[in-house]
Amino acid sequence: MSVLDRFRKKVAPIPQPVNLIGPRVRWMRERMGITQDELSGRLSRYGLDLDYVKIGQIENGKRRVVDWELVGFARALGVSVDWLLCGEDGR
Numbered sequence: 002m003s004v005l006d007r008f009r010k011k012v013a014p015i016p017q018p019v020n021l022i023g024p025r026v027r028w029m030r031e032r033m034g035i036t037q038d039e040l041s042g043r044l045s046r047y048g049l050d051l052d053y054v055k056i057g058q059i060e061n062g063k064r065r066v067v068d069w070e071l072v073g074f075a076r077a078l079g080v081s082v083d084w085l086l087c088g089e090d091g092r
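Residue numbers for the sequence shown follow the numbering used here, beginning at 2 and rising by one.
One thing to keep in mind: the hints can contain errors.
Simulated restraints on C-beta separations [what the hints assert, rightly or not]:
1) ASP50 with GLN17: 20 to 26 Å
2) GLY88 with SER3: 40 to 46 Å
3) GLY62 with SER3: 30 to 36 Å
4) TYR47 with GLY88: 19 to 25 Å
5) SER3 with ASP50: 35 to 41 Å
6) SER3 with ASN61: 17 to 23 Å
7) SER3 with TRP69: 20 to 26 Å
8) ASP52 with ARG32: 44 to 50 Å
9) ASP50 with VAL82: 18 to 24 Å
10) TRP28 with SER3: 19 to 25 Å
11) GLU89 with ASP50: 15 to 21 Å
12) GLU89 with SER3: 19 to 25 Å
13) VAL82 with GLY42: 16 to 22 Å
By construction, these hints were calculated from the structure, which means they are not laboratory data. Only a predicted model underlies this, so the values are computations on that prediction, with no experimental measurement involved. We treat Cβ as the ideally placed atom computed from N, Cα and C, and that holds for glycine.
Turn these sequences into a full structure, and let the hints guide you.
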């Protein structure tokens, strides 16, 4: 067994979901009555290039979100970063 194989056995898989904001992004997007594609257009105004596939992955907890994307989602959805992360201090 190689060193790499032994290392792989020791490393735990990444728990699912891999982000905290996915369910709240979906909830707010649906509440606003917009599609993932429409949200993609709103995000592009803030310099984010996320298509509907990537947004779906985020909403389903399958894709990580970096800090500048978090800020873009908050702006595009009209909510605070705190609300996206914790469900508190909403709009």
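Evaluation of the provided hints:
{"no.": "1", "hint": "ASP50 with GLN17: 20 to 26 Å", "result": "25 Å, holds"}
{"no.": "2", "hint": "GLY88 with SER3: 40 to 46 Å", "result": "45 Å, holds"}
{"no.": "3", "hint": "GLY62 with SER3: 30 to 36 Å", "result": "32 Å, holds"}
{"no.": "4", "hint": "TYR47 with GLY88: 19 to 25 Å", "result": "22 Å, holds"}
{"no.": "5", "hint": "SER3 with ASP50: 35 to 41 Å", "result": "38 Å, holds"}
{"no.": "6", "hint": "SER3 with ASN61: 17 to 23 Å", "result": "34 Å, violated"}
{"no.": "7", "hint": "SER3 with TRP69: 20 to 26 Å", "result": "38 Å, violated"}
{"no.": "8", "hint": "ASP52 with ARG32: 44 to 50 Å", "result": "21 Å, violated"}
{"no.": "9", "hint": "ASP50 with VAL82: 18 to 24 Å", "result": "20 Å, holds"}
{"no.": "10", "hint": "TRP28 with SER3: 19 to 25 Å", "result": "45 Å, violated"}
{"no.": "11", "hint": "GLU89 with ASP50: 15 to 21 Å", "result": "29 Å, violated"}
{"no.": "12", "hint": "GLU89 with SER3: 19 to 25 Å", "result": "47 Å, violated"}
{"no.": "13", "hint": "VAL82 with GLY42: 16 to 22 Å", "result": "21 Å, holds"}
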